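K.L.:
Below are the chains, spelled out letter by letter.
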Amino acid sequence: MNQVQNFSKGFIKENPILVMVLGACPALATTSSMINGLGMGLATTFVLLGSNTVVSLMKNLIPDKVRIPAFIVVIATFVTIVDLVMNAYVPSLYESLGIFIPLIVVNCIVLGRAEAFASKNTVWSSVVDGAGMGLGFTAALGVLGAIREILGSGAIGGFKFISGDGILVFILAPGAFIALGYMIAIVKKINKA
Amino acid sequence: MDFILLIISAILVNNIVLAQFLGVCPFLGVSNKVSTAIGMSGAVTFVMVLATMVTYLIYTYILIPLGIGFMQTIAYILVIASLVQMVEIILKKISQPLYQALGIFLPLITTNCAVLGVAILVIKKDYNLVEGIVYGAATAIGFGLALVILAGIREQLELADVPSGMKGAPIALVTAGILALAFMGFAGLV
Amino acid sequence: MAKIQSSLKNMVLSLTLISVGASAALGFVYEMTKGPIELTALNKKLDAIKQVVPEFTNNPNDDMFMLPTGEGDSLEVYPARSGEEVVGYAVRSYTNNGFSGYISFMVGFLPDGTIYNISVLEHKETPGLGTKMVPEGTPEKPEFKDQFKGKHPADFPLKVRKDGGPVDAITAATISSRAFCEGVQRAYNTFEKGGMK
Chain R
1 MNQVQNFSKG FIKENPILVM VLGACPALAT TSSMINGLGM GLATTFVLLG
51 SNTVVSLMKN LIPDKVRIPA FIVVIATFVT IVDLVMNAYV PSLYESLGIF
101 IPLIVVNCIV LGRAEAFASK NTVWSSVVDG AGMGLGFTAA LGVLGAIREI
151 LGSGAIGGFK FISGDGILVF ILAPGAFIAL GYMIAIVKKI NKA
Chain F
194 MDFILLIISA ILVNNIVLAQ FLGVCPFLGV SNKVSTAIGM SGAVTFVMVL
244 ATMVTYLIYT YILIPLGIGF MQTIAYILVI ASLVQMVEII LKKISQPLYQ
294 ALGIFLPLIT TNCAVLGVAI LVIKKDYNLV EGIVYGAATA IGFGLALVIL
344 AGIREQLELA DVPSGMKGAP IALVTAGILA LAFMGFAGLV
Chain D
384 MAKIQSSLKN MVLSLTLISV GASAALGFVY EMTKGPIELT ALNKKLDAIK
434 QVVPEFTNNP NDDMFMLPTG EGDSLEVYPA RSGEEVVGYA VRSYTNNGFS
484 GYISFMVGFL PDGTIYNISV LEHKETPGLG TKMVPEGTPE KPEFKDQFKG
534 KHPADFPLKV RKDGGPVDAI TAATISSRAF CEGVQRAYNT FEKGGMK
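If you read the sequences in order, they're chains R, F and D.
First residue of the first sequence? That's 1 in the numbering used here, and the numbers climb one at a time after it.
First residue of the second sequence? That's 194 in the numbering used here, and the numbers climb one at a time after it.
First residue of the third sequence? That's 384 in the numbering used here, and the numbers climb one at a time after it.
Hints in this document: simulated from the structure, not taken from any laboratory.
It should be emphasised that the depicted structure is a prediction, and the values quoted were computed from it without experimental measurement.
One thing to keep in mind: the hints can contain errors.
Said to hold, decoys possible - SDA-like mimics (lysine to any residue), calculated; alpha carbons at most 20 Å apart, straight line: (1) R:189 with F:361; (2) D:507 with R:170; (3) D:515 with R:165; (4) F:318 with D:572; (5) D:515 with R:67; (6) R:189 with F:229; (7) R:120 with D:507; (8) D:392 with R:67; (9) F:318 with D:485; (10) R:160 with D:496; (11) R:189 with F:354; (12) D:532 with D:572; (13) D:515 with D:464; (14) D:515 with R:189; (15) R:65 with D:485; (16) F:318 with D:505; (17) R:160 with D:511.
Use the sequences and the hints to build the structure in full.
P.N.:
What follows is the structure, given as structure tokens:
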């Protein structure tokens, strides 16, 4: 397979959140600002890279019947590593992402890629696939976070460009659902064209 | 801790889906019809209460005494996965009608982040076992409430003329957003 | 290499192998990050204490003691000393009556009981409304919590105007403001009853 295509499919054509609507929980919960969205995306990317690599390396050592529990253990290990490292070195980001770091383990994207891609392809393809999917997810979260931050607090990347408050509802739960809904509709339109 | 407050807060004010964003995938996935929504809510309630109980016991009596609290995530997800599997097998053996009603939803629950989320939240919030179970049950009811309401709305939407680009997930999300807005009215109740 | 069969022996073997590998990796990372994690938590606490009491030279964390609130629980008190002299006390207080429940504070008192400063540690209040209790103001543009600075709770009742007190509530966030007052009051009650002043 063409590795460029393999990498770039994660951004628009097969974007995990905007096209396949996987991983909606963290996408909604952690995008109250652009930085938080990007942080969550990168944490997921790391787990995805790690689990894709290990799963494709070990694909012949794991009997079929126990592959799901085996994948889950591998994923949970990488999630815990991210959890501990973020707690140690980026405490403020760790705090604002909170419970959604350990919950990467049940993010359907990660298990989905392990099962559908890494367990059937070479290590190199799996790494590229993981990077593409992860960064596609990160980009989507960054954009969603930016939209919500601009509308909701009149700021971008933490810098305020209006005095006073924005349209508060976009920082709160309802705005998250509505903004993601419109983003998915727009990407649908792009993919059809 | 006042139990009534805890229950109202978990169902209405801090609704698991609409305010805390846990369990959004099944929330969007199985909200096409009211009947499936009810089945899913039943299965989630069942598993969530059991999972909260078991993970609490494991955390307090195994992980903490051994000093390996950092293994929480890995232990929890394995416990939940095996629990779901066990519930499925037991249901199949003892109650065919119940199995037929809930069976197809059970495998989906392993990757429902609401179950793992509640198990972790109970530890984070320092609840004791009874509070944890009550919280788990109330949260599951909140999940069911949101799911059934959304399914009801989506059944009506089938008849509406939705722009083609908004069909499916987008309109469901926007509907959920408006629902979340309505639920915000409950804030301050507690 | 061919894929191995799903025999019982192979299944148990491979799962055991993976679990052992996972535990080893996690144990290693845990040991590596343990120090930094403890350090960050300590620094965060010390930063909050630094913010709410006058300059000190000791390590308040080492001298921490507990004082009963009289409601069945206890609060952490961090004495701040400059040399031998006590310059203030930071009391870690809380309230459960915020708009979204739990809020915790670090409340700094001078030895005579005057409030020096207050820092909000954790909260889940509504962005743009209740969150206005957090920021530090400037003399030109004071924020909500600045009105508490330099006040003594004995002659400055910790109550919002709606409840007949002198505190100007945050616009559209009376519940948050009321909870804030309650948390500070709890710190003061504990501090006073402990015979600290």
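K.L.:
Against this structure, judge whether each hint is valid.
P.N.:
Structure-based check of each hint:
Restraint check: the Cα-Cα separation between residue 189 (chain R) and residue 361 (chain F) comes to about 13 Å, which is no more than 20 Å; the hinted pair holds. With a C-alpha separation of about 16 Å, the suggested pair residue 507 (chain D) and residue 170 (chain R) falls inside the 20 Å cut-off, and the hint holds. Proposed proximity of residue 515 (chain D) and residue 165 (chain R) is supported: the alpha carbons are some 11 Å apart, at most 20 Å. With a CA separation close to 25 Å, the supplied pair residue 318 (chain F) and residue 572 (chain D) exceeds the 20 Å bound.
Between the alpha carbons of residue 515 (chain D) and residue 67 (chain R) the distance comes to roughly 50 Å, so the proposed pair goes past 20 Å and is violated. For a cut-off of 20 Å, the pair hint linking residue 189 (chain R) to residue 229 (chain F) is broken: about 30 Å separates their Cα positions. A hinted pair counts as satisfied when its Cα atoms are at most 20 Å apart, and residue 120 (chain R) with residue 507 (chain D) does not qualify at roughly 44 Å. Distance hint between residue 392 (chain D) and residue 67 (chain R) is fulfilled; the C-alpha atoms sit about 15 Å from each other, no more than 20 Å.
At roughly 10 Å between alpha-carbon atoms, residue 318 (chain F) and residue 485 (chain D) fall within 20 Å of each other, so this suggested pair holds. At most 20 Å may separate the alpha-carbon atoms for a hinted pair to count; residue 160 (chain R) and residue 496 (chain D) exceed this at roughly 38 Å. Annotation: proposed proximity of residue 189 (chain R) to residue 354 (chain F) holds, straight-line Cα distance about 18 Å (limit 20 Å). Between residue 532 (chain D) and residue 572 (chain D) the CA atoms are separated by roughly 17 Å; this keeps the pair inside 20 Å, and the hint holds.
The suggested pairing of residue 515 (chain D) with residue 464 (chain D) is violated, with an alpha-carbon distance near 31 Å, which exceeds 20 Å. About 40 Å separates the Cα atoms of residue 515 (chain D) and residue 189 (chain R), which puts this hinted pair outside 20 Å; it is violated. The suggested pairing of residue 65 (chain R) with residue 485 (chain D) is violated, with an alpha-carbon distance near 46 Å, which exceeds 20 Å. About 13 Å separates the Cα atoms of residue 318 (chain F) and residue 505 (chain D), which keeps this hinted pair within 20 Å; it holds.
With a CA separation close to 13 Å, the supplied pair residue 160 (chain R) and residue 511 (chain D) stays within the 20 Å bound.
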